[in-house]
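**Q** Residues per chain are reported as follows:
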Amino acid sequence: MTRGRIRAKLRRSNLYTFSCLRPTAAETEAPHSFQGPGYSRIVYCNQPRVHRKKPLNYPSNYTSTTKYNIITFLPKAIFEQFRRVANVYFLLAAILSLTPVAPFSAVSMIAPLAFVVGLSMAKEALEDWRRFIQDMKVNSRKASVHKGDGVFGFKPWQKIRVGDVVKVEKDQFFPADLLLLSSSYEDGICYVETMNLDGETNLKVKRCLESTLPLDDDTTFKDFAGTIKCEDPNSNLYTFVGNFEYDRQIYPLDPNQILLRDSKLRNTAHVYGVVIFTGHDTKVMQNATKSPSKRSKIERKMDQIIYILFTLLVGISLISSIGFAVKTKFQMPDWWYLQPKNTTSFYDPERPALSGVFHLVTALILYGYLIPISLYVSIEVVKVLQATFINQDIHMYDEETGNPAQARTSNLNEELGQVDTILSDKTGTLTCNQMDFLKCSIAGTAYGVGSSEVELAAAKQMAIDINEPDSEVSNVPVRKTSARDSWENNGSGYGVSEIELETVITSKDGKDQKPIIKGFNFVDSRLMDGNWSKEPKADVILLFFRILATCHTAIPEPNEETGSFNYEAESPDEGAFLVAAREFGFEFCRRTQSSVFIRERYPSSRQPVEREFKILNLLDFTSKRKRMSVIVRDEDGQILLLCKGADSIIFDRLSKNGRMYEEATTRHLNEYGETGLRTLALAYRKLEESEYSAWNNEFVKAKTSIGADREAMLERVSDMMERDLILVGATAVEDKLQKGVPQCIDKLAQAGLKIWVLTGDKMETAINIGFACSLLRQGMKQICITTMNSDTLTQDSKETFWLLMTDQTVKENILMQITNATQMIKLEKDPHAAFALIIDGKTLTYALEDDMKHQFLGLAVGCASVICCRVSPKQKALVTRLVKEGTGKTTLAIGDGANDVGMIQEADIGVGISGVEGMQAVMASDFSIAQFRFLERLLVVHGHWCYKRIAQMICYFFYKNIAFGLTLFYFEAFTSFSGQSVYDDWYMLLFNVILTSLPVISLGVFEQDVSSEVCLQFPALYQQGPKNLFFDWYRIFGWMGNGLYSSLIIFFLNIIIFYDQAFRSGGQTADMSAVGTTMFTCIIWAVNCQIALTMSHFTWIQHLFVWGSIATWYLFLLLYGMTSPTISGNAYQILVEALAPAPIYWSATLLVTIACNLPYLAHISFQRCFNPMDHHIIQEIKYYKKDVEDRHMWTRERSKARQETKIGFTARVDAKIRQLKGRLQKKQTAVMSPS
Amino acid sequence: MGGEVKAPKIGERAAYSRFTQQELPACKPILTPGWVITTFIFVGIIFIPIGLASLFASERVVEIVYRYDEGCIPTNYSDQKLAYIQNSTTNKTCTRSLIVPKQMKRPVYVYYQLDNFYQNHRRYVKSRSDKQLRSNASEGDTSSCDPEGVAPDKHPIVPCGLIAWSLFNDTYGFLVNNEALEVSKRNIAWKSDQEHKFGSDVYPKNFQSGGLIGGAKLNDTIPLSEQADLIVWMRTAAFPTFRKLYGKIEMDLEANENVTVVIQNNYNTYSFGGKKKLVLSTTSWIGGKNDFLGVAYLTVGGLCLFLAISFILVYVVKPRQSRKKFGLLEKHKDYVVRAQAFHKKEEAYGEKAAFRNPDEFYFKMIKTRTIDGVHKLESQANKYTPEELMLIKTQDIGYVLQKVQVKKRLSGWIDGYGGVWVIYGREMALGFTREEEDGER
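Line order of the protein sequences matches chains A and B.
Just so you know, we're using full-length UniProt numbering here: the first sequence kicks off at 1 and counts up by one.
Just so you know, we're using full-length UniProt numbering here: the second sequence kicks off at 1 and counts up by one.
The set of hints was computed from the structure by calculation and includes no laboratory data.
Positions of the beta carbon are idealized from the N, C-alpha and C atoms, including for glycine.
Errors might be hidden in some of the hints.
Stated by the list, open to error - Now the stretches of chain B that chain A is said to cover, found in silico as 3 or more residues with beta-carbon under 8 Å: (1) 20-31; (2) 106-113; (3) 232-238.
Stated by the list, open to error - Straight-line C-alpha distance at most 20 Å; calculated EDC-like pairs for lysine to aspartate or glutamate: (4) B:K131 with A:D985; (5) A:K1227 with B:E387; (6) A:K67 with A:E80.
Stated by the list, open to error - Calculated Cβ distances over 10 Å to all of chain A for the following chain B residues: (7) E70; (8) N76; (9) Q103; (10) N178.
Modelling step: build the complete structure from the supplied sequences, incorporating the hints.
**A** So, in structure tokens, the structure goes:
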């Protein structure tokens, strides 16, 4: 959120002016006067030694992002581990196990805890080590530092001190926050790329002070000295206050002279700077915020289950301690064999209450097996492995950019399977943010015959919409499915392949002749190859091209390969214009401070002519002004104002004789707008020398003025100039849809997901994209909620209008619109009616206020698609929060830019597109993918799998620990609640750690109910996640009940079988260790068979783990029995000597295992047969190979496996069919019924 | 955020492997009706014979259980059993005779059974020292044996601990036809116990020498490894009711034979009301008499068969195939929609049918209207709603488009920058001016 605000500020700040005038104001401006705290920093330039001593001993430039260091690692990491309540419990148990209270030996308590905690800590250490390595890489980067006597030498970054003079070369990062002293340019400017700070790829200009300009050589720094007094380190990227004392003069500093760490020097050979802030004092480090840690719903629910288990634990502990106290008081005095008179306080019949209290502690430790100690660590392992699989998925690997999908946190894997609402950014997410110059209108003539993708998509869909029902009137369902089918199998290429919705088709036919040029998709031979000169209004066209080539703020970068230029432009639109100009023969090739050079190629001459245009002034583009202008003097000395801007703004400012083409251009602009293109109008004005100089004086005055009204003054002065323009034409640039977006949206809609689009674009563009993505369609009722349209009013009436429109009235108005719309939705009878809500940012500010947001949400939830336009980054986050908190469902936000960061952090899951617009969104996100279309696989395949895996895994964990833990309790009741356990300590130790952990991990990592293709073919399967079918309380308690049942069966069958009689033909009776070992064998078999029943997907890994676990148990028993009796005690040779030769041991194992799993087996087989869930049926269809044999059935089932949805392409076809059917019916009834 | 924001790792395209793509070959067992029924029947068929065999084996075991704790108290002590048992001077011998109900093949095992004796009490179980039992060298290792660790003179007790201290000390002698039966103590203890856990160089020391005498005394001259009774006793039982092997009679006992038992009734179970029983039993492959195992097997096996049968029945009565017509994934809500539509139609048709006069119908009833008493054919023109008109228009465009595409597909190639197919007028907002599908192939 903060980033968004920062970015907004950055746009508005006046950082990109190429005016050749230096602001002379700097000299006259008074130095900042500092009072109060926060401005205490003093930096002695070129005297880093001074900064080694107090009080100027600022931190070194060493940065560290690690959580721990060698000394703090142990205490801190251990503290982190024991913040988990379960771990604290186990720690207490381990400590108490050292006292006689403990029912187990100390090692059996401490070892698993040490294992589990050790594993987690090892993971922490590994992660921290990686961070450390990365830090080291950064810290040991070399920078050129002044070493004295005008000699510069290389030093690692971490050695750089405050006050050092640093020389930074082109394309290097700044090692610290620097004060710019001079650059390789004469006028001391340099270009900076701040992508790492705010995610913007365009360059920014920094300028040094006039007085330090001469310091442009290594040797000049020999005697350089100065003092900087400035603010203390803070996190504000766009402010800086300070004074620079140099040559006994004091100059004020502002952010324009500050180079921030982690930004990059571009297009400038080198710069010199003085280090002001180092290491953690730098702005970027101060800005480093921790992204909020998110936890998945399942995990939160798991905590609740753990609390339930804790309650259970305390409950049975209380029962057992009360039982113990009672037994001790009333019966123990008779048990002479315990020597009750000669006892400690743990078993004192005289003081049963005290003994009871001691016993409570014992019992709490004893029944600790109810709480699965290894649960957290197993889940962590599983999630990391799942995340690895997500990272490795080649279907989510983008060949073009080389970016794989990345699970940046593994916490939220299962949350991916429960998403209900997707909030998507538009630019860069749905669209490529790659602008293609597609059409233009010059002098009232439209050029460009290419068609936009929106057009193509719409035309194609129209073709299907109409093609299809034409012939399907007779047998609706069959045709419907077949048409859809072929659409889904796109690429299969039979029959109706022209209705494929492939959106990346650019001009393929053109491709044969020339390579595709990024940013240029213009097809019209009238303008290309110099043919424009034959057009009737060639002079206007020439002007048009010149405006394209000069009116911008871009910087050319020679491209060695092609010999032409690439452009570093502020916006992709601008880049597209320059590319277009280049293609038309007006190549922008060089920019100096005062000039722009354009290589013009005319059809008449072979050699291009390089022309210089002196840039006199540059009037910036701001979102408020919606236009930018340059004032240039061409080689003939003619002064021209060239302007480009939003059509409405330009048309307002046309002179009387400049409206020649207005009508035709407006018509063209409307056409372009309809087809989803972004439009700008171009205009110019000729200026007289005197007129200009008069104006320029005023402009300079405004520019050098200080104070709050400077901006307003500048705007007013600019406004004076940008009048009486002459319209030249208009451009139309296409914002390309990303590959596969409509299909992906269709699938996601079929999976039952709701998609909201939040965009900063204007309403018309957003609606166009909505249509292209099938989020909107004809026949959908669009509900537009806006504040009263004030654009239509004239300037004068606007003011009175705003006087009348108080906040209150606006709000009431919006509220009324919302209630009306809600009412309308409620009253709608047609079950197929779909509504789309379109709301703009301004309205949203009101709608998001506390008293209205619930109405707004109510309305939005009732609509099939929601599009919010012109929203600020903060509003994006607010909307996300509203949806998240208002509906209580899981939200996913997807975006690519710094302006989406707030939304991404706010949503339950943030997905960043690792695209072109910097890394901010990706850095803040939980998952990053390269293209929007990968979202389908991420959610529908990986989300679905991970959700089921984790849910099943947790349920099973609780099952097995209840099944095991409760047998301890039952047995204890038979030992007069004395706290004796029937199992050997080692068995219990191994139970969670080795004998049952690997199968459950393999369940969590490899389980697949259906394969990935089937997941994609049956999107409705995804709904099992949002409906939470696998982790609802019913299922959790079912599993717990199953655990209870198993524990009862295991215990009671065993004790009856081994009660008192001999268990072998040798006449021996079973002692405690024999009974315990048999019982434990039964448990191992039962829980491992249970997990085998739970799994539906067995690779060799699962087989190995499940059956291997059972084998490990026997192996362990064998080995344990072979150790010295002082270690193994009564378990010495138990398997070999006592149990294995006894048939009853094996038959008891078989009986108990089957009896434990019988109810579950019966349950699942009856459920599958008589009340199957979706995935059961799909599995069977696959199993019986119905998809191959019975195509009819296959397609029918596939169409059933869709959620009712009102958006997406499929819904569009359905709607069309309904409409035609309705018409048919009407006709029939008209025929039948008498009038 | 790091010191430097991490640049996107231009990841290597993950090498394709079936493992990383989660496409390992896997068997995906599905509980189809066939499998379910087979499994249940199979389990049933396995379990029932096992159950029968167990029952049969259990039937063959002959067991004589004789409780003597009450009966062996002389009548004059019947009110003060405790005094009787604790008095070392009273005569504890007690002679009883037992009838052998069936022939008992040798070996006949002799057990004593104690009730309500918590040998599994934690205090009791822990009170032993395995190290001490094992070797002479660890004689002083009595820390775990409290309160029977050391004698009052601080010398360690061997064997120490409550378990050893409370060693059972009733003895049994058997006479058949006035001939003494030898009760062998060989192999009544586990071999591993004798060889590895109870040292052959460990001799009882200071045992039962303290103020409190628990149970039996041990012969100081015999090493622990030879003290079979102690070894058996030291294997603590799992439940408060337990039997322990006393010895073996290596002789067949014939049916209806009269066995005279001479019991030395020394052990005090009277203070906690525990019963003492003498058990003579033969064994089979499942051990002693144990009907439960067989019954349990039969029950589970029967249950499986029952499940199999009920599954078959339900499957026949309500097969899933009935849903096939509408699709297996059909949901209840789909059904509701269909049912509603059906009923609505039913109603509508019913109504129409009710009002219809079968005799009075001819086409002009619906095609004409009377104007000034004259029947005139109604004009069919301009009867469309604006929406319908729109549709018809767009349909026409669609038709044109379709034709264009068909034609294009036929023509196969297209010239230059996608031949400009000017096929529409201004009504159509969306131009279709370029060829792309064909260019793709």
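**Q** Taking the hints in turn, state whether each one holds.
**A** Hint-by-hint comparison with the structure:
1. Beta-carbon proximity to chain A at under 8 Å applies to 12 residues in the region 20-31 of chain B; the threshold of 3 is reached and the given coverage holds.
2. Against chain A, the region 106-113 of chain B contributes 4 residues with a C-beta closer than 8 Å to a partner C-beta. That satisfies the three-residue criterion, and the hint holds.
3. Counting residues of the region 232-238 of chain B whose beta carbon lies closer than 8 Å to any beta carbon of chain A gives 4, which meets the minimum of three for the stated coverage.
4. For the hint linking B:K131 to A:D985, the alpha-carbon distance of about 18 Å falls within 20 Å, and the restraint holds.
5. Between A:K1227 and B:E387, the direct Cα distance comes to roughly 13 Å. Compliance with the 20 Å bound is thereby established for this hinted pair.
6. The straight-line distance between the Cα atoms of A:K67 and A:E80 is roughly 11 Å, inside the 20 Å bound, and the hint therefore holds.
7. The claim that B:E70 lies off the interface holds: its Cβ sits roughly 17 Å from the closest Cβ of chain A, which is beyond the 10 Å cut-off.
8. Residue placement check: B:N76 keeps its beta carbon more than 10 Å from all beta carbons of chain A (closest about 23 Å).
9. Every CB of chain A lies more than 10 Å from the CB of B:Q103, the least distance being 17 Å, so the non-interface label holds.
10. Every CB of chain A is more than 10 Å from the CB of B:N178 (nearest about 26 Å), matching its label as outside the interface.
Violated hints for the displayed structure: none, as all numbered hints are satisfied.
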